[in-house]
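These protein sequence lines are chains A and B, in that order. Residue numbers for the first sequence follow the UniProt record's numbering, so the first one is 1 and each next one is one higher. Residue numbers for the second sequence follow the UniProt record's numbering, so the first one is 1 and each next one is one higher.
Worth flagging that the hints you see were computed from the coordinates, not collected in a lab. Keep in mind that the hints are not guaranteed to be accurate.
[Claimed, not checked] Calculated from the model, a selection of chain A residues having no Cβ within reach of chain B, i.e. all distances over 10 Å: (1) Met1; (2) Leu29; (3) Val112; (4) Thr155; (5) Met164; (6) Leu188; (7) Leu206; (8) Glu212; (9) Leu234; (10) Thr238.
[Unchecked claim] Footprint (simulated), chain B over chain A, 3 or more residues, beta carbon under 8 Å: (11) 7-19; (12) 76-82; (13) 85-94.
Predicted model only: the values in this text are computed from it and were never measured. Beta carbons: idealized from backbone N, C-alpha and C, even for Gly.
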Amino acid sequence: MNPATTAATARRVLTQLRHDPRTVAMLLLVPALLMTLLRFVFDDARAFSAIAPALLGVFPFVIMFLIASVTTLRERTTATLERLMTMPLARLDLILGYALAFGLLAVLQVGVATGVSLLWLGLDVAGSVWTLLLIAVLDALLGMALGLFVSAFATSEFQAIQFMPLFVLPQFLLCGLLQPRAEMAWPLEWLSTVMPLSYAVDALTLVTRSAEFSGTLVRDLVVVAGCVVVALALGAGTLRRRTA
Amino acid sequence: MLRDVGFTVPRGSVTGLLGPSGCGKTTLLRSITGVQVVAGGTVEVLGLPAGHRDLRSRVGYATQHPAVYADLTVTECLRYFATVLGAPASDVDRVLADVDLADRARNLVGSLSGGERGRAGLAVALLGRPELLVLDEPTVGLDPVLREDLWSLFHRLAAAGTTLLVSSHVMDEAARCDRLLLMRDGAILVDDTPDGLRAATGETDLERAFLRVIREAA
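Whenever a hint applies, use it, and build me the whole structure from the sequences.
In structure tokens, the structure reads:
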């Protein structure tokens with residue numbers, strides 16, 4: 001591992017994005033726009049406050065999943081990955097470089113969406129706003145890490161995009177946002193227990209409802225962070241020095 | 001894919017790997033750079049097994065389709081690869097001059113022509129002054145003047161001690177090589193110097209010499 005290479009990779013990914021200002025604008029503004037839309041759909045600050053925090057975690061999760069899987073797939077198909085694999089670059093440097101760049105982007109994205117929700121949309125958070133931000137950024141990193149991992153199984157960008165409904169939407173349906181998890185049939189509840197997004201949404205709900213930094217909240221954070229680390233390690237495992 | 005392939009490339013020379021498309025040139029070059037899964041046999045590069053960790057900064061590889069980031073400028077792209085290789089920052093300007101791309105340095109790689117993009121890919125391979133350069137069809141799609149310039153560059157590098165293995169499917173480039181490897185259907189038919197091949201076949205034209213070898217092998 002080499003911190004200079006990790007930093008150079010992060011800078012390279014961010015420079016690539018800088019040359020694509022439309023993507024950056026969408027990344028930063030779309031979640032905030034969707035939150036605004038949601039606020040008007042409910043037309044009621046209390047109903048909005050009940051669901052908004054969970055969505056502050058879900059939107060960056062979905063968007064980062066897509067961005068990361070397409071970016072990595074591009075790196076694989078344009079042979080730049082193969083070139084990097086012939087160079088003295090540890091696979092972890094590449095993965096961490098990506099995590100750093102997308103993590104920074106996630107902080108900005110979540111920051112804008114949360115700021116807009118708190119200032120103008122009447123979102124009411126009982127707990128710490130910083131904890132809320134932390135969970136949302138972890139969600140974004142989780143989406144990024146999963147996207148990176150599954151891109152190894154896609155051979156075209158069409159396939160990579162299809163992985164979103166396959167890997168992300170079931171987590172969204174089962175995370176407790178649409179129906180409390182305890183009220184689901186046992187196979188579904190069991191499934192939701194092994195899906196990381198359930199813990200993220202649980203943590204976001206806890207932070208909104210109570211100012212207390214409870215043991216459950218700590219457990220949720222540890223689970224989500226652990227899943228990020230596991231997914232990043234799995235992603236690093238899919239980068240092969242030798243291919244057929 | 002490859003059968004009974006065995007050869008050594010002398011240091012400080014330009015060896016041409018010639019053969020038609022699909023004969024296995026790229027597979028062979030990928031085996032040497034250590035990115036190809038090799039089913040059997042050994043590939044040794046600079047005294048180490050191909051793909052060895054210590055070779056990663058000593059072997060430069062330019063793939064056939066230029067592996068460069070289309071959404072970076074030429075300089076940004078080279079700077080990134082230079083950092084990864086641990087090459088000095090001044091290397092970026094040197095390799096840009098080597099491939100005659102200095103006037104396009106600030107352009108996005110994606111806006112370059114095919115030939116320019118190929119040269120950008122070649123420039124990456126030159127970063128860090130590798131001891132062995134593996135170049136997969138570096139002159140495809142270039143105008144004759146540029147092709148001439150690149151071949152002069154290859155010989156300058158070889159004179160300075162770099163070993164080059166250059167693939168091509170254009171037979172007229174064979175005469176520019178110190179040694180020749182002619183491949184066909186995954187096997188090496190010729191491993192000789194241009195003069196040696198001319199003497200062995202009694203032909204003065206290398207293309208005709210190749211044809212004779214192929215007919216005799218059939």
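Right, here's what the structure says about each hint:
Listed as outside the interface, A:Met1 is consistent with that label: its C-beta sits roughly 13 Å from the nearest C-beta of chain B, beyond the 10 Å cut-off. Every CB of chain B lies more than 10 Å from the CB of A:Leu29, the least distance being 21 Å, so the non-interface label holds. Listed as a non-interface residue, A:Val112 keeps its Cβ farther than 10 Å from every Cβ of chain B; the least gap is roughly 23 Å. With a cut of 10 Å on Cβ distances, A:Thr155 stays outside the contact zone with chain B, its closest approach being about 16 Å.
No Cβ of chain B comes within 10 Å of the Cβ of A:Met164; the nearest lies about 22 Å off, and the non-interface call holds. Against chain B, the non-interface label of A:Leu188 holds: every CB pair exceeds 10 Å, the least being about 41 Å. Listed as a non-interface residue, A:Leu206 keeps its Cβ farther than 10 Å from every Cβ of chain B; the least gap is roughly 40 Å. No beta-carbon of chain B is positioned within 10 Å of the beta-carbon of A:Glu212; the least distance is around 46 Å.
The claim that A:Leu234 lies off the interface holds: its Cβ sits roughly 21 Å from the closest Cβ of chain B, which is beyond the 10 Å cut-off. Every beta carbon of chain B lies more than 10 Å from that of A:Thr238, the smallest distance being close to 15 Å; the non-interface claim holds. Note: the segment 7-19 of chain A has 7 residues with beta-carbon separation from chain B under 8 Å; the three-residue rule is met and the coverage holds. Only when three residues or more bring their CB closer than 8 Å to a CB of chain B does the claim for the segment 76-82 of chain A stand; here the count is 4, and the claim holds.
With a threshold of 8 Å between beta carbons, the proposed coverage of the segment 85-94 of chain A by chain B holds, since 5 of its residues qualify and at least three are required.
Taken one by one, the earlier hints all hold for this structure without exception.
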